[in-house]
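Student: Go ahead and model the full structure; you've got the sequences and the hints to work with.
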Amino acid sequence: MTPAARIPVYYSPAFNDVQHVWDSTKKHDHIHAALRARPDLPLTFLEPTPATRDQLISIHDETYVDAVITGEPRQLAQSNGFEWCPGMYRAVTFTNGGMVDAARAALRTGVAGVIASGFHHAESSRGMGFCTFNGLVLAAVELRRADLVRRVAILDLDYHYGNGQVEMIRRYGLNDYLENYGVHRAQHADEYLDLARAQVRRLLTWSPDLVLYQAGMDPHEHDALGGVPGMSAARLRARDGMVFEALRAAGVPVAFNMAGGYARDRAWLDGEGAVNPVVALHVATFEEACRVWTAPEAR
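Just so you know, we're using UniProt numbering here: the sequence shown kicks off at 1 and counts up by one.
These are calculated hints, taken from the structure and not from any lab test.
Errors might be hidden in some of the hints.
What the hints assert, rightly or not - Pairwise CB distance ranges, derived in the manner of DEER restraints:
1. Glu-191 to Ala-5: 35 to 41 Å
2. Thr-205 to Ala-233: 28 to 34 Å
3. Thr-205 to Asp-147: 20 to 26 Å
Predicted model, so just to flag it, every value in this text is computed and none were measured.
Backbone N, C-alpha and C define an ideal beta-carbon position, used for all residues, glycine too.
Tutor: Printed below as a string of structure tokens:
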């Protein structure tokens, strides 16, 4: 691992070929635009390689993958919570491929990100909770298959439980090289941060070669679908800083994605062009990654 002066960030307009009433996918465009408007951040934007059907059926049932491709049976095709559309499959091949690419890049540069979400609820036989395919498990399986890692840890700091990777680890017996660490249903911000720090310490004792970080913003106290009392923007920034600092100090590469973060209305940018608060929360993750990983002592 040779830390780079610039952080690789994977993004494609294809991420947004499917949308939901909460516009949880539309935010990817606005995060990308907000980051592009920040030349002070040492980021390099890259187009991801879409995941292939063969890759996806290595972790998901073939009948489910084909349902997402064709739309039939409709109930299975829409098990992710989205209304099926012809662009759905293409969109999720790019988001999942972006997670795999970010994981590979992190092994080279120490840190990499993907402006995508929608992974951790997807189980082997169905989608769930706005998640179609589990790019976290896919990234771990692909890197292990390529003999690039011995152990991979998922650090899931989304507000919601990452049932997808837990189910896959159990079903496929992946726990010899893949472990999931999360914080769920904390009663207040101090408890949440204490638990997050404890999980980071715990995963480091497992000595992973790579961490896949779900940098969810739905723990924010005003999130529409989550919310931990007292969890402010400043505390979420502190959480991300803590994660990146601990992993950098331990010499463990990290690939991160956006995970949850939901507005209470459909307006992602206001009339003046200012960044919506949800987008600003995600931008702060990149700011912290740059602060920690591109400082002179990190290189």
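Student: Next, verify each hint and record whether it holds.
Tutor: How the hints compare with the structure:
1. Glu-191 to Ala-5: 35 to 41 Å: 38 Å, holds
2. Thr-205 to Ala-233: 28 to 34 Å: 30 Å, holds
3. Thr-205 to Asp-147: 20 to 26 Å: With Cβ atoms ~24 Å apart, the hint holds.
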